[in-house]
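Asks: Chain by chain, the residues run as shown.
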Amino acid sequence: MAINLTINGAAYNVDIDPDTPLLWVLRDEIGLTGTKYGCGIARCGSCTVHVDGQPAKSCQLKAASLVGKQVTTIEGLSKDGNHPVQVAWKEIGVPQCGYCQSGQIMSAAALLARTRDPSESDIEQAMADNLCRCGTYLRIKAGIRRAAQLGV
Amino acid sequence: MNAINLSRRFFIQTSLAASGGLMLGFHMPTALAAVTEPKPWKTPESGIEVNAWLVLDPDGTVTIRIPHTEMGQGGMTSVALMIAEELDVEWSKVKAVFADPNRHLRNNKEYKVMSTHGSQLVAIQHPHLMQAGASARERLKEAAAQAWGVTRDKVEAKQGVLKSGSNSAPYAQFAAAAAKVTLDKEPAIKEDASQWWLLGTGTQRLDIPNKVNGSAQYAIDTRIPGMVYAAVKASPVPWGKLKSFNADAIKDQPGFIAVVELRAVEGKRGQPDMQDAVAVVATSWYKAKNALAMLPVEWEFGESAKASSKGMSENATKVLGEKGLITKEDPKAIEVIAASKKVVTADYERPFETHLRMEPINATAHVQDDRVDVWSPSQDQSAAVLIVADQLGRDPKDVYAHPVFLGGGFGGNGGGGTAVTRQAAEISKRLKRPVKVLWPREEDVAQDKQRPMSAARMTASIGDKGLPEAIFTRALWYTQDKQNQIGPATADYGIHNMPYKIPLRHHERHNLDTHIPSSTHRGPGANQTGFITEVFADEMALAGGWNPLDWRIEMTKDQADWQLVLKTLKEKANYRTDLPKGEGMGIAAVECHGTIAAACATVSVTRRGQLRVEKIVIVADCGHVINPHAAKEQMEGAACYELGHAWVGGLDIREGRIVNTNMDTYNILRIEQMPEIESYFALSGGKKWGGMGEPAGPPVPPAVANAIFAATGKRIRKTPFRQYDLTWA
Numbered sequence: 001m002a003i004n005l006t007i008n009g010a011a012y013n014v015d016i017d018p019d020t021p022l023l024w025v026l027r028d029e030i031g032l033t034g035t036k037y038g039c040g041i042a043r044c045g046s047c048t049v050h051v052d053g054q055p056a057k058s059c060q061l062k063a064a065s066l067v068g069k070q071v072t073t074i075e076g077l078s079k080d081g082n083h084p085v086q087v088a089w090k091e092i093g094v095p096q097c098g099y100c101q102s103g104q105i106m107s108a109a110a111l112l113a114r115t116r117d118p119s120e121s122d123i124e125q126a127m128a129d130n131l132c133r134c135g136t137y138l139r140i141k142a143g144i145r146r147a148a149q150l151g152v
Numbered sequence: 001m002n003a004i005n006l007s008r009r010f011f012i013q014t015s016l017a018a019s020g021g022l023m024l025g026f027h028m029p030t031a032l033a034a035v036t037e038p039k040p041w042k043t044p045e046s047g048i049e050v051n052a053w054l055v056l057d058p059d060g061t062v063t064i065r066i067p068h069t070e071m072g073q074g075g076m077t078s079v080a081l082m083i084a085e086e087l088d089v090e091w092s093k094v095k096a097v098f099a100d101p102n103r104h105l106r107n108n109k110e111y112k113v114m115s116t117h118g119s120q121l122v123a124i125q126h127p128h129l130m131q132a133g134a135s136a137r138e139r140l141k142e143a144a145a146q147a148w149g150v151t152r153d154k155v156e157a158k159q160g161v162l163k164s165g166s167n168s169a170p171y172a173q174f175a176a177a178a179a180k181v182t183l184d185k186e187p188a189i190k191e192d193a194s195q196w197w198l199l200g201t202g203t204q205r206l207d208i209p210n211k212v213n214g215s216a217q218y219a220i221d222t223r224i225p226g227m228v229y230a231a232v233k234a235s236p237v238p239w240g241k242l243k244s245f246n247a248d249a250i251k252d253q254p255g256f257i258a259v260v261e262l263r264a265v266e267g268k269r270g271q272p273d274m275q276d277a278v279a280v281v282a283t284s285w286y287k288a289k290n291a292l293a294m295l296p297v298e299w300e301f302g303e304s305a306k307a308s309s310k311g312m313s314e315n316a317t318k319v320l321g322e323k324g325l326i327t328k329e330d331p332k333a334i335e336v337i338a339a340s341k342k343v344v345t346a347d348y349e350r351p352f353e354t355h356l357r358m359e360p361i362n363a364t365a366h367v368q369d370d371r372v373d374v375w376s377p378s379q380d381q382s383a384a385v386l387i388v389a390d391q392l393g394r395d396p397k398d399v400y401a402h403p404v405f406l407g408g409g410f411g412g413n414g415g416g417g418t419a420v421t422r423q424a425a426e427i428s429k430r431l432k433r434p435v436k437v438l439w440p441r442e443e444d445v446a447q448d449k450q451r452p453m454s455a456a457r458m459t460a461s462i463g464d465k466g467l468p469e470a471i472f473t474r475a476l477w478y479t480q481d482k483q484n485q486i487g488p489a490t491a492d493y494g495i496h497n498m499p500y501k502i503p504l505r506h507h508e509r510h511n512l513d514t515h516i517p518s519s520t521h522r523g524p525g526a527n528q529t530g531f532i533t534e535v536f537a538d539e540m541a542l543a544g545g546w547n548p549l550d551w552r553i554e555m556t557k558d559q560a561d562w563q564l565v566l567k568t569l570k571e572k573a574n575y576r577t578d579l580p581k582g583e584g585m586g587i588a589a590v591e592c593h594g595t596i597a598a599a600c601a602t603v604s605v606t607r608r609g610q611l612r613v614e615k616i617v618i619v620a621d622c623g624h625v626i627n628p629h630a631a632k633e634q635m636e637g638a639a640c641y642e643l644g645h646a647w648v649g650g651l652d653i654r655e656g657r658i659v660n661t662n663m664d665t666y667n668i669l670r671i672e673q674m675p676e677i678e679s680y681f682a683l684s685g686g687k688k689w690g691g692m693g694e695p696a697g698p699p700v701p702p703a704v705a706n707a708i709f710a711a712t713g714k715r716i717r718k719t720p721f722r723q724y725d726l727t728w729a
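Protein sequence lines, in the order shown, are assigned to chains A and B. Under the working numbering, the first residue of the first sequence is numbered 1, with each subsequent residue one higher. Under the working numbering, the first residue of the second sequence is numbered 1, with each subsequent residue one higher.
Isolated chain B, as found in the complex:
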């Protein structure tokens, strides 16, 4: 499985000045990202390229080019670690820079993939990334062997030094020769954790120093000479048509330059396309934003203006009574439930949620006759090149995306599926000057592509041993244009494939239409349905007289990895069902991106109904962990993110528009609400490589909801929790 053939084309010796690595994200705090310079692709570098990922410098510096984005998940460090592990160099000599997306596309996807999503960076991409390091190491050994007149197996490559007998040389000395070496076969990579010297040790992330002194460059920080600023507004009811606007009314506003009309392309509503919008361009963003607020604009909303969260919720309840698309058919399940004396049934619902990256949606573009430069917060920098090329009708070879740090990602792909990147390209083209487009926060929330609203009706019959014998589920979601699937997610993802061995199962789903743009969201599918399946699991367990943790262990007894995770949780969490009223513990376990994560939440609820989430213990099996430090950060982060949605979040739609569009009304978790988090790995190893950026989130909301039930007897079946009266006597 690791026999990725790195052909000779990866090993062309090229001077870096010509090939263009973008200097960014040094591990040294003094080194500023050159991306803010007008022509960062011309940043001079020394050193010799051994392959597309690696440049060796005579002073010992090892420059590793990072094809993926760094959005807080530690991706920059993960890539560098995997390559350094195989190359065998001193970690302190490693310098990370972002790889050049233009080169990637020019050379037929030279880095294989630049997209950073689905918790895949380590789980899925590790073979070719580790191969890049291993292949370079063996070529260096071969080059030294030839020079020293020995065979390659007599050369040792360790910590940046090649040795054989009395011969010794730093890697860089043979870098040029290594780049020309052909190997009979590529070396195997170290997939077994017992072989690692660097991976698994817990490494400080390379991007940290630049993130404590204000120097880390995000797309929003781009400044280039002659740049002007645009503030954009699309229809408050998404996909409304722009009827008219009166530019004259604001032409005397300070700094005013132009109003640019942007139009949706008929028939193109999928991401990342633009909606109708007006952009006000001015000499500063503050002036642009103020002038935009004063611009008279008329929209035509159409039928969408009738939509509301309340109406969609009422409709969901109705549709859950209707037959849907069958994803697993078993009429017997329905018959058994109909004849059963003991049936558990409940409806669940979750609202739309928004990504709310701390960095509001923005992009900068500079369109010129001979080239286009773009700074986009996309989770795939090579896609940003293609989007801009498509928007402008230009050859992608002439489009240069300059990778930046992302102020959050969360599956939102930099906002509006980078519709903002199209806007920047379009406005720059029309005005013939560089422009930074920044959506005001209210626009960021109103026009982001949201996590779909979803609901389910779950029904099960409980058999003799108190365990479910049949289950019948119907799930639905609201997605733009009734999409059946978004990323891995479907309306019943995680429901039709829940791990519990219930003998008879019948599953259906509905795809309902909405004008609200929808897209992937951290932990897609699992983030919504994990709550549904795991609260229902609690209801089934308690109805059958089972301890909810023991029930889960019993219901997964033939699945080794679930057993490992749940039994580890049992050992670590001290789960109890006998706490005094007002205190409670709850369990949940969800699989997401190849990783199983289980959580035990402890809550307290005052008699007056005030909820406090005291502690969450999380156990995860992602197979392998290359950087425990970053992986634990992701467990804390994903838990906080999902708890925020479930406890205090929820978009509110009225008259077709999202009404809670800033941080005074759309809430995320706050420091005083953050529970203590204890995180553990229970690694099954072997061939299992699961993701770690998202999976710890989905079990948290159901674990907390189940703990609230244990504490108060009040069953939470909708989010946000804050809508419930939790008082008790």
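One chain only, chain A, in its complex shape:
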């Protein structure tokens, strides 16, 4: 069936089974491939997006539940890759393979939007569900502290 979704401020009309997870709508229907599939069971965080500003795992979000909501993906976080988290990520050189980083960045941006100057434990709590196989965790923490300095 046809569903109207608002993604990164743009309206999309997609013809899909309403139970389809947002992740696959983004990747395979719309072509926004920055949001990644990692586990499909909400354990790795690679698919993290914002729904009305809150971080959410898009592999578990049914498309139909998003009608009337604002979805933001990594592609829409900033116009030119200059959200403070992205700037900090570049300064510090956080990504290695980079595959999990869209999710990491979306979780970090959501954290900083609600907690301007997060503590170590705020960071660990907010980022607990975002796994990284390359082991960039120390730089993720440093990136969040740097982004906090830059001001979200």
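Treat the hints with caution; some may be incorrect.
[To be verified] Here are the simulated distance ranges between beta carbons: (1) B/Arg654 x A/Asp52: 37 to 45 Å; (2) A/Ala128 x B/Arg654: 24 to 32 Å; (3) B/Gly202 x A/Gln54: 33 to 41 Å; (4) B/Asp725 x A/Gln125: 21 to 29 Å; (5) A/Thr6 x B/Gly685: 54 to 62 Å; (6) B/Lys241 x A/Gln54: 45 to 53 Å; (7) A/Ala128 x B/Lys714: 25 to 33 Å.
Rather than coming from a laboratory, the hints here were simulated on the basis of the structure. Just so we're clear, the structure is a prediction, and the values are computed from it rather than from any experiment. For every residue, glycine included, the Cβ atom is placed at its ideal position computed from N, Cα and C.
Could you slot chain B onto chain A? The hints should help.
Replies: Coordinates of chain B only, in the frame set by chain A:
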């Protein structure tokens, strides 16, 4: 050693549009990878090719073609740095693109090697990569010298500008002429770090901007017109035979297109061959995956269904009591141990581990009559071409692999030894349309080629000065079809060649058979046996009354590089053996891919047994470091990777199948478990060029295990650590 002869064939002037560099991985964040376009090999480029690696543009842009894969290790940047160092151009003008694997094969391995493994990119490949830059520089100078009527030594090439007296010109002006220059002899490359202006300075990686805005293209992101999606399932017990399936049962599922039967080729079990499998093809991957889950399939598992981790462990203990293949024979060692009053002996064991790249195993292929296009996460893009050509019986000249970023590598070669690439080619051939094959994560774990399970029995006698006088070891591993060697690894790699000078040594190994596919894994060999040798070293040192760090320094006293690393660790780590109970420090040192890495771990363990790894200090001697920034990232990353395996990892096999196949049950290190890491280089320089992508990992698990012993008195001889009760009173 650096006299690689770049013959004239490297220097044919060709317009890029004809030769086909693939645009990808710009340093500018706005530039999207063209690989997602239907025909990326036709991406227009300007500029003049000086050699296969280099294209100079009149606007000053220097395009460097990267033959190797970028899987997070910074390889793209490393290649560009080495060439730019020699060419002498402004780093801000450098644009990196991936080299074309088809061209590489068409021109008789023009880039020499495209495989990216074994931490070799800098350590082994630097001579010819630096030569490509140096040779181009000298040819540019020679072309300018001829135009200006001076000799080459009167021309200076610096930061993209050629100068002689009052003459001056940008490199690009002489690019065409340079491509035709013949030199009497190739210039020497700058192997000595004191000559470098760019290398060693710590450069931001070129791939970062595309990895913070979602634009970096991985194989899984491939989208081409008309593409359909396949979800694949092989036998849950690896190498089981496909008996039957009922496609009719799912033919009415939404988006269903076809079920494709895939068959293992009899007699071909080595990588990268396919197992029996069923692929469900649909209009979206989500639909394909759902339909696959509903497909009735029957398998014939055979004897393999009896295998279990528990049974393999019990068998390992039994086999360690039996004579194996002798890799160093010394009956005296066994006699001395038998007669000794002070013997240390222990068994160690490590389970199978999986790569778990964050990008699940996938590939896309488009098979047409006149050409085949493929997007594969292989660590060797030219091998992807050959695999597809082999699968389809096609001429490799007609197969085009389009290099992509890899969502992790870790020695897994893009998954299943790229069996998935064969599957994509096969399905596309049969359906006559482009297809993306993606293994669900559960399949990715269940069917990946795993790090072998391994075990060892270590026995040593301690002599008068408290130092070992004889050692007798037996190691084993379980590999598919009893392989004796995988990459550099053997069952006793790192054991029979441990650095410690023990006068009498006798080593044996067993190769045990398993149906579980096995392959290389980050730090092969050293990753398993480093834990075994270094925990045992701790046991030997303490049995002889030695401080474990001083013991290692004493036992390597005639080896300068080990001394450098261990003494630097002693200076940096503030290693102590007198911490209060519940706190402890541990030491380990392992050589891997030509690099020695030593680690000092600090842990705390609560009375209730909760482990926290507080800090790890790592010192490495890789001889030379071309990009300290990326090298330190690799030290952190390799430490995290190995600590994950050792602390919380471990594949569990029951009834022949891997049962912990997703991230709820197969664990990797999490942010709150990540210790602070302090990393240092202790570089011996000279002719030593060691790898840096893997070596920092292997010493971490034994350092942590030794620290746990110091904190609790509980000796860890198996991984994962989480199976131990660490409570203390």
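Asks: Given the hint of 54 to 62 Å, check if A/Thr6 and B/Gly685 actually sit that far apart at their C-beta atoms.
Replies: holds (58 Å)
Asks: Does the beta carbon distance between B/Arg654 and A/Asp52 stay inside 37 to 45 Å, or does it fall outside?
Replies: This hint holds: roughly 43 Å between Cβ atoms.
Asks: Has the hinted range 21 to 29 Å been met by the Cβ atoms of B/Asp725 and A/Gln125?
Replies: holds (28 Å)
Asks: Mind checking the hinted window 45 to 53 Å against the Cβ distance between B/Lys241 and A/Gln54?
Replies: With a Cβ separation near 48 Å, B/Lys241 and A/Gln54 satisfy 45 to 53 Å, so the hint holds.
Asks: Does the beta carbon distance between B/Gly202 and A/Gln54 stay inside 33 to 41 Å, or does it fall outside?
Replies: Holds, at about 38 Å.
Asks: Please test the hint of 25 to 33 Å on the beta carbon pair from A/Ala128 and B/Lys714.
Replies: holds (28 Å)
Asks: Are A/Ala128 and B/Arg654 spaced within 24 to 32 Å by their CB atoms?
Replies: For A/Ala128 and B/Arg654 the Cβ distance comes to about 29 Å; the hint holds.
Every hint from the earlier list agrees with this structure, and none is contradicted.
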